[in-house]
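K.L.:
For reference, the chains in residue letters:
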Amino acid sequence: MSEDKNVVARYTTAARINHWVTAVSLVLLALSGLALFHPSLFFLTHLFGGGQMTRAVHPWIGVVLAISFLGLFFRFFTLNFWTKEDTVWMKNLGKVINNNEEGMPELGKYNAGQKLVFWGQSILILLLFGSGLALWDVYFEEYTSIDQKRLSAVVHALCAIGAILIWIVHVYAAIWVKGTLRAMTRGSVTRGWSWKHHRKWFRQEVGKP
Amino acid sequence: MATLQSLDIRRRSASTEPPPQVRKTVEVAKLIDVSKCIGCKACQTACLAWNDLQAPVGYFEGTYDNPVDLTPTSWTVMKFTEYEKGDDLEWLIRKDGCMHCDDPGCLKACPAPGAIVQYTNGIVDFVSENCIGCGYCVKGCPFNVPRISKVDRKAYKCTLCSDRVAVGQAPACAKACPTQAIYFGSKEDMIVHAEKRITDLKSRGYQKAGLYNPPGVGGTHVMYVLHHADKPSLYAGLPDDPKISPLVGLWKGVMKPLSLAAIAFAGVFGFLHYISKGPNEVSEADERKGDDLAKGKGA
Numbered sequence: 002m003s004e005d006k007n008v009v010a011r012y013t014t015a016a017r018i019n020h021w022v023t024a025v026s027l028v029l030l031a032l033s034g035l036a037l038f039h040p041s042l043f044f045l046t047h048l049f050g051g052g053q054m055t056r057a058v059h060p061w062i063g064v065v066l067a068i069s070f071l072g073l074f075f076r077f078f079t080l081n082f083w084t085k086e087d088t089v090w091m092k093n094l095g096k097v098i099n100n101n102e103e104g105m106p107e108l109g110k111y112n113a114g115q116k117l118v119f120w121g122q123s124i125l126i127l128l129l130f131g132s133g134l135a136l137w138d139v140y141f142e143e144y145t146s147i148d149q150k151r152l153s154a155v156v157h158a159l160c161a162i163g164a165i166l167i168w169i170v171h172v173y174a175a176i177w178v179k180g181t182l183r184a185m186t187r188g189s190v191t192r193g194w195s196w197k198h199h200r201k202w203f204r205q206e207v208g209k210p
Numbered sequence: 002m003a004t005l006q007s008l009d010i011r012r013r014s015a016s017t018e019p020p021p022q023v024r025k026t027v028e029v030a031k032l033i034d035v036s037k038c039i040g041c042k043a044c045q046t047a048c049l050a051w052n053d054l055q056a057p058v059g060y061f062e063g064t065y066d067n068p069v070d071l072t073p074t075s076w077t078v079m080k081f082t083e084y085e086k087g088d089d090l091e092w093l094i095r096k097d098g099c100m101h102c103d104d105p106g107c108l109k110a111c112p113a114p115g116a117i118v119q120y121t122n123g124i125v126d127f128v129s130e131n132c133i134g135c136g137y138c139v140k141g142c143p144f145n146v147p148r149i150s151k152v153d154r155k156a157y158k159c160t161l162c163s164d165r166v167a168v169g170q171a172p173a174c175a176k177a178c179p180t181q182a183i184y185f186g187s188k189e190d191m192i193v194h195a196e197k198r199i200t201d202l203k204s205r206g207y208q209k210a211g212l213y214n215p216p217g218v219g220g221t222h223v224m225y226v227l228h229h230a231d232k233p234s235l236y237a238g239l240p241d242d243p244k245i246s247p248l249v250g251l252w253k254g255v256m257k258p259l260s261l262a263a264i265a266f267a268g269v270f271g272f273l274h275y276i277s278k279g280p281n282e283v284s285e286a287d288e289r290k291g292d293d294l295a296k297g298k299g300a
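Going line by line, the protein sequences match chains Z and X.
Counting with the working numbering, you get residues 2 to 210 for the letters of the first sequence.
Counting with the working numbering, you get residues 2 to 300 for the letters of the second sequence.
Mixed in with the good hints, there may be bad ones.
As the list claims (entries may be wrong) - Some, not all, of what chain Z presents toward chain X, calculated at C-beta under 8 Å: (1) Ile68; (2) Ala154; (3) Ile165; (4) Trp194; (5) Val207.
Said to hold, decoys possible - Take a look, some chain Z residues computed to stay more than 10 Å from chain X by CB distance: (6) Ser26; (7) Thr84; (8) Lys85; (9) Asn93.
Keep in mind the hints are simulated off the structure, nothing from the lab.
No residue lacks a Cβ here, since even glycine has one placed at the ideal position from N, Cα and C.
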């Protein structure tokens, strides 16, 4: 949103739509998956039209997420390589959590926490997709043995819990660090936000013609 | 099958409701004496007839097994094994089907409340109207018994004729067996009867004859008298020591509460962080410095 010259463009409309599709499908997958994971959450199947419908629709949402996340991956992976600043940032994680960022190195578009979210979700979604296919009996029942399906069920559940935990951190960070959410809703952030959190990236943006 | 009011429930899948406990019922069992089976398949036919099942006409697969394996419409199948021991040939014929485990892996794995029940008499029954077709019972079963129908995506297996047993009748297969290789009664009586048969078999030279009532699944409510009880796997791959897979134990055991606890902890941690440390806000000074940088004046 470059019409307002007092803000800094952070995401294109296409990138935001891509992220929203991923976000919505991840939430739906978590709800339908948890419904089938723990009996006390089985009531969540009502949101999807009952148990049979939940079982049928969950893998299709998974396909949407996998394709959508692949889009995000190729958009952003070059910005998520680990740098020396990231190691310094991780060493000072305690300070960051205490809202004290003094003396921290200037950061590019993403800090180490954001990069860990990126790579964590990349690996987990890959594992979830693979193990999910082994559990998708409607189409792939004959391709795996029962023992492989058992292992897939455990891997799928573990990775799903991991992905949900990362999602909680990701969402909480956006609530905690004020001024972040507008990057997702409007595509831009304020100059002050850019200066405070991603100064190196901000300098690059300013330097652009 | 629907749940039967005349049969009290001992366990119900994915449920925490305490079962009714006032009535005292006898545990039942079906005893299949493999040494008396002639492989006539009357039990298979009786099963189809009683349960209104119409298996599609299959193909000849080069064996006597027909169909070659359990299917959603074939809840019991005779499995023929040619066992050669020196010059001796033994034709081992085992009636395959649900074993009605005392500790049923299918029920443990099932995520749909009430889709699998275990009656107090020991019968494990699938309640189709609650089944969601996820196939978790297939992963839970140590005997590879449940089959998911491609027609309605629901799981099917032997019910031990729970509807007949509920009104004091023996299962259809036991009723039809011409050699009385299939007995039905209280589990206690069946064990006593099996002992007699085993003594008889031993006197005929089957020194390893014995009862198949595997303790790894808490015993079963379908038991076999085997001439070679030391090697159950001779009988078309009957598991030697069946147990619920440790992977299923993990998945349906500690992982469930620990996972929800981890999610709850993450949520609570975030909440506590927010109310103790507060939000991370951009100050006026930050905005000024940002403006300066954007205008080319800043540091």
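K.L.:
Each hint needs a verdict: does it hold in this structure or not?
P.N.:
Hints and how they fare:
1. For Ile68(Z), the interface hint is violated, since its Cβ never comes within 8 Å of a Cβ in chain X; the closest pair sits about 24 Å apart.
2. With 8 Å as the threshold, the beta carbon of Ala154(Z) comes within range of chain X, its nearest partner Cβ sitting at about 5 Å, so the hint holds.
3. Look at Ile165(Z): its Cβ gets to within about 6 Å of chain X, closer than 8 Å, so that hint holds up.
4. For Trp194(Z), the interface hint holds, the least distance from its beta-carbon to any beta-carbon of chain X being 5 Å, beneath 8 Å.
5. Annotation: Val207(Z) was flagged as interfacial toward chain X, and the flag holds, the nearest CB pair being 6 Å apart, inside 8 Å.
6. Remark: the non-interface label on Ser26(Z) is consistent with the geometry, its nearest Cβ contact in chain X lying 19 Å away (cut-off 10 Å).
7. Annotated as non-interface, Thr84(Z) keeps its C-beta farther than 10 Å from every C-beta of chain X; the closest such distance is 21 Å.
8. With a least CB separation of 21 Å from chain X, Lys85(Z) remains clear of the 10 Å interface cut-off, as annotated.
9. No Cβ of chain X approaches the Cβ of Asn93(Z) within 10 Å, the least distance being about 14 Å, so the stated non-interface status holds.
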